[in-house]
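Student: Now for the letters of each chain:
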Amino acid sequence: MRVLELQSVSVTRGSFSLKEINFFVNKGEILTVLGENGSGKTTLLNTIAGFIKPDSGSILINGRDIVHLPPSERGVGYVFQTLALFPHMNVAANILYGTRFHKISNVKDRLGKISSLLRISHIMDRYINTLSGGEKQKVALARTLILQPEVLLMDEPTAALSPREKSRIIDELKTVFKRLSQTVVFVTHNVSEAYRIGGRIGVMENGRILQIGNSDEIVYHPVSHSVASIFGEVNKFKVRVESCNSGMCSAELGNGMVFFLGDFKVCEKILLFIRPEDILLKTVSTKTSARNNFSGIVKDISFAGPLVRVVVESGQTFIVLISKQSFEELAIKKRKPVFLSFKLTAVHAVKLTE
Amino acid sequence: MRVLELQSVSVTRGSFSLKEINFFVNKGEILTVLGENGSGKTTLLNTIAGFIKPDSGSILINGRDIVHLPPSERGVGYVFQTLALFPHMNVAANILYGTRFHKISNVKDRLGKISSLLRISHIMDRYINTLSGGEKQKVALARTLILQPEVLLMDEPTAALSPREKSRIIDELKTVFKRLSQTVVFVTHNVSEAYRIGGRIGVMENGRILQIGNSDEIVYHPVSHSVASIFGEVNKFKVRVESCNSGMCSAELGNGMVFFLGDFKVCEKILLFIRPEDILLKTVSTKTSARNNFSGIVKDISFAGPLVRVVVESGQTFIVLISKQSFEELAIKKRKPVFLSFKLTAVHAVKLTE
Amino acid sequence: MHFKTSKFTFYTALFTAAALVVLFILLPLLRLITLPSWALLLKALSDKNTIVSIANSLIYSFLTAIIALFLGVPLAFLMAKGLFGRFEKLIETVIDLPLAVPHTVAGIALLFVIGRRGVIGAFFYNHFGIKFTGTGAAIITAMLFVSMPYLVDSARDGFKDVSAEFEKASFILGASEFATFWNIFIPLSKKHIESGFLLTWARAISEFGAVVILAYYPITAPVEIYDAFTQYNLSVSISVAAVLLLICLTIFLLLRMVINRDARP
Amino acid sequence: MHFKTSKFTFYTALFTAAALVVLFILLPLLRLITLPSWALLLKALSDKNTIVSIANSLIYSFLTAIIALFLGVPLAFLMAKGLFGRFEKLIETVIDLPLAVPHTVAGIALLFVIGRRGVIGAFFYNHFGIKFTGTGAAIITAMLFVSMPYLVDSARDGFKDVSAEFEKASFILGASEFATFWNIFIPLSKKHIESGFLLTWARAISEFGAVVILAYYPITAPVEIYDAFTQYNLSVSISVAAVLLLICLTIFLLLRMVINRDARP
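Protein chains in written order, with the numbering used here: chain A, 1 to 354; chain B, 1 to 354; chain C, 1 to 265; chain D, 1 to 265.
For the record, the hints were derived by calculation from the structure and aren't laboratory data.
Note that the Cβ used here is the ideal one computed from N, Cα and C, for glycine as well.
Careful: at least some of the hints might be erroneous.
[Unchecked claim] Every beta carbon over 12 Å from chain D, so not counted as near; a handful from chain C, in silico:
| id | residue |
| --- | --- |
| 1 | Leu35 |
| 2 | Phe166 |
| 3 | Glu207 |
[As the list claims (entries may be wrong)] Below, simulated DSBU-like cross-link-like pairs (lysine-lysine); rule was C-alpha separation at most 30 Å, straight line:
| id | chain 1 | residue 1 | chain 2 | residue 2 |
| --- | --- | --- | --- | --- |
| 4 | D | Lys168 | B | Lys27 |
| 5 | A | Lys238 | A | Lys351 |
| 6 | C | Lys160 | D | Lys168 |
| 7 | C | Lys168 | A | Lys103 |
| 8 | B | Lys265 | B | Lys343 |
| 9 | B | Lys324 | A | Lys282 |
| 10 | A | Lys334 | B | Lys343 |
| 11 | A | Lys333 | B | Lys178 |
| 12 | D | Lys7 | A | Lys53 |
| 13 | B | Lys343 | A | Lys236 |
| 14 | A | Lys333 | B | Lys174 |
| 15 | B | Lys178 | A | Lys334 |
| 16 | B | Lys174 | D | Lys89 |
[As the list claims (entries may be wrong)] Calculated Cβ distances over 10 Å to all of chain B for the following chain D residues:
| id | residue |
| --- | --- |
| 17 | Ala17 |
| 18 | Lys43 |
| 19 | Thr135 |
All chains, please: the whole structure from these sequences, using the hints.
Tutor: Structure follows, in structure tokens:
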């Protein structure tokens, strides 16, 4: 059942705009919206919450268009990036704030349940500035969940946490949301966080949702270069299809032929993406099961944490990421010849839209 | 020839202190000081520059103790993290500012030379707020270099640059310093930046310089857990030496024996470090050239950018980083048995200092 | 420019100038407080006129601050929320105008509004026989005109400091505009509103120029000081001045305490 | 607390209060500017007394602002650099004291310092026969006392805004303390010093309470307004008031321009 649905929602904010946003979230589902800062994630949440009026389109909650309702009547919860806990109230007063404006008969029951679920019953009398990052996070959540919102919006809620708290809190959030069958739209710019939350991911860039799907779909079937490069640097080649037979295609690339899966017309111009970590690098040309094999010369070597980034010139420039161990074992040096190989499925082909 | 030398310099700043700093920098050498924010890097530079008086110790420039000289008379140049270019002066006035306070006969010559070396001759009339990040960087450098300082101190000077400008500027800096045989102390918290600059690296933590050496020494022979973990998460095991014969040692570790190089007494307690990316992970127990082999059970899997972090329980908990490609090929799943192997030289043994 | 001035000369010059200023301010005030003997002070304070003038000053200025509070806080809120749109800069300028107007000018200007021949004063005088000048109402009008900007400016700064996310959080939790104003904006701006109130009160107590034109009587302390001075009754002048100074310093210290106090209630 | 007030009612109440305040401030000032006819204004301004009073106000207040500049900027710099150590809070309080002192009180306090029977005044009177009261020196003293804090506070804020790294950069490039003060601190605080100067000047022009006690003559504009008013010569009062108002508004607008101007020279 679709709890939240956006239909062709467009928004203009000065020079920035959201363009034709369409998506839905099912009951109890967590949809993660992944995008860089400035991609429009917060504008999207503010539009759903009612702080920004869309130029056009509908926002449905349980099938009812709420575009003309004020924020207070939308049945939407919002956990802000700053959490926005009221510093002049203690934890209990913060959590109970919203209940004053709603007809709720069993306020005390709800407070008890939500605070024991989130394990914050012992800090009810504390003031906000005495809490740890994780505690604040939970209080902000309790304040919203006590009103039992149809949809919960979360705007980078782990931004202020330490790395250690971050991953712990994400796991706790998942448990709580499952328990309550809470429908959630979760916004983040952090790829690993998006992975960790699981569920569907919507990739956002420049005011558009480029692709929605589970993490595998997005990593292995990106619809565009933008989506592909969200997960780090990526090799991108513009090629012309040479042949295509029952889903297996080929094209000329650099000093060789590249093979990949797809269904394209011969001579069509397409884009190919290959992740640098999907390319195997060797110093001798042994036979491998990989369908694609290229030879080239090492142009540049640089260190990127535990990985080594090797730039190989092979008619086209390939970027390859290998482990430091492989780097040493292979004794790779600048100007040395090397061999590259990668699987059919490592090549992601996308129609060129101009 | 030692241009700069610190001898047992100690500094107290409130609750923070620099403890017994000893190092030297040779003529024309670049020493990179690598450390987290708050490790004392900026305090160190401020002490060398004369903005902070040390409690004890000597600071020698060309053999002369300068501890009692004011900053203006130390012959030290300083490029600040914020660059500190004067916004009310144009580029030329900024660069010439210091020459007003020194007896320099050929000011115009020097200005021409330094600005053509740094390729900023065309922006002499511009005001600071009209410059790009890279241009500002060069103006700050020119302003300092025109006074021909014995030692140049640079405090995270690329902090304000975009990632693309960063690596370009680092390469340019290296070229300029080489050309001028400039002696430099370069401070950064960025490991790859430290790598890229080359030369010796001093690792700083909590007000101490833990180790000084070239990057290989620091990566492969860290003197402590702190140094080892600068380059990312690291496996750390406290073990008791079982045997040591002509440099080859062994100790009990988890459900097996670990072999490593070193010269320890039997029964001595030592620390072993193994980088997660130095451990090979397999699903079948094939013979390898690696001397160390362990078997275990996968406890946890998480994604870290292009890498997968696998936690393996093997009596001891091992953290292993593998590429996403290997992860898929091996079809690693939670609770599956796996085999770990790593080379003798992947184990770094350090005496336990308590 | 480039001078070779030694550090010592430079700082000696600076500290000399600083010492002159501090002395210039402290000397007269210390002299005033130490000048009247206790006997003189008691004698002056047993005088009915003196007591009445100080009481008048305290009462009228306090009423002024209360009125400023009720009129100024709503205005400050609208300004902070940018609800005047393109008139914002204009309104801001208007609110601060009284700070730029000399007090005798303000007095004359107000006279032609509430005086017997003023626009509003004439109406009341001709229809109801009510005269404003020379009454408490005139004193409050004068005080309000010159002191109101302090409250508005301070409250506005307070409201502006309240993060927009607090307001959004309140709305999405179901609160109305008024409930948000009352439960979120007012408590979070408490410090600023309190210091605005104290500034306005202190300014109102001090007012002389505008008050002396609109209402010489009922006599207030600053007018009494001047009145006694013109009658060569310096001992009364000094006594009232010393008492008024102590009152103002108390409010001033109170203000400093509010400003330096931790923000949390 | 929790009220169910509709958005409309809430904002109507707020805008009503705001409109009252704006009217209350604008009405008297507009009335004053439109009141005197050109004929009346010209007649009043052809009066020698009137012209002298306005000229006196302009000259003495400008001199006051200049003196405040030379004494106040060094003090402000020392305060901004925290060079008073543990006396910092105390010095800050002392500097702001004149803002809290009623002007007639300031007048009386200064009288007992520079008056014929004051500590300093007596010395000059007895040894050199010099009397301060009733001279331009007394007017400047009164103006300086009440207006100095504006310059010090503004300049101090300006100096505080100058990043410590600019100072360090100047030192390491070889500049002395004075060269750094002159080449870095002064130009980078220009805006603050200028607005402090204008504030001090405007405040000095307006001063009435302290001036009227120390020097009724040489007559200044605010005193002339009051003097004419007490002699029922309202047309002179209005004319001088209108002219003084225009002068003050000009300075006020100048100040706004300085504040809103881009920081770069």
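Student: For each hint, tell me whether it holds in the structure or not.
Tutor: Going down the list of hints, with the structure as the test:
1. Interface exclusion of Leu35(C) from chain D breaks down, the closest Cβ pair being 6 Å apart, not more than 12 Å.
2. In this structure Phe166(C) is separated from chain D by more than 12 Å, as the shortest Cβ-Cβ distance comes to about 17 Å.
3. Non-interface call for Glu207(C) relative to chain D: violated, since the shortest CB-CB distance, roughly 8 Å, does not exceed 12 Å.
4. For the hint pairing Lys168(D) with Lys27(B), the CA-to-CA distance comes to about 25 Å; that is within 30 Å, so the pair holds.
5. For the given pair, Lys238(A) sits about 10 Å from Lys351(A) by alpha-carbon distance, which is consistent with the 30 Å threshold.
6. Under the criterion of a C-alpha separation no larger than 30 Å, the hint pairing Lys160(C) with Lys168(D) is inconsistent with the structure, at around 34 Å.
7. For the given pair, Lys168(C) sits about 21 Å from Lys103(A) by alpha-carbon distance, which is consistent with the 30 Å threshold.
8. Under the criterion of a C-alpha separation no larger than 30 Å, the hint pairing Lys265(B) with Lys343(B) is consistent with the structure, at around 22 Å.
9. With a CA separation close to 18 Å, the supplied pair Lys324(B) and Lys282(A) stays within the 30 Å bound.
10. In summary, the hint linking Lys334(A) to Lys343(B) is supported, as the alpha carbons are separated by about 25 Å, within the 30 Å threshold.
11. Distance restraint check for Lys333(A) and Lys178(B): the Cα-Cα separation of roughly 23 Å lies within the 30 Å cut-off, and the hinted pair is therefore satisfied.
12. Of the supplied pair hints, the one linking Lys7(D) and Lys53(A) holds, its CA atoms being roughly 18 Å apart against a limit of 30 Å.
13. Distance check on the hinted pair: Lys343(B) and Lys236(A) sit about 36 Å apart at the alpha-carbon level, beyond 30 Å; violated.
14. A C-alpha spacing of about 21 Å is found between Lys333(A) and Lys174(B), which places the hinted pair at or below 30 Å, so the restraint holds.
15. The hinted pair formed by Lys178(B) and Lys334(A) meets the criterion: a straight-line CA distance of about 22 Å does not exceed 30 Å.
16. Proximity of Lys174(B) to Lys89(D) is assessed by CA-CA distance (about 49 Å); at most 30 Å being required, the pair is judged violated.
17. Distance to chain B confirms Ala17(D) as a non-interface residue, since its nearest Cβ pair spans about 42 Å, more than 10 Å.
18. Listed as a non-interface residue, Lys43(D) keeps its Cβ farther than 10 Å from every Cβ of chain B; the least gap is roughly 50 Å.
19. Non-interface status of Thr135(D) relative to chain B is upheld: no Cβ of that chain comes within 10 Å, the nearest being about 41 Å off.
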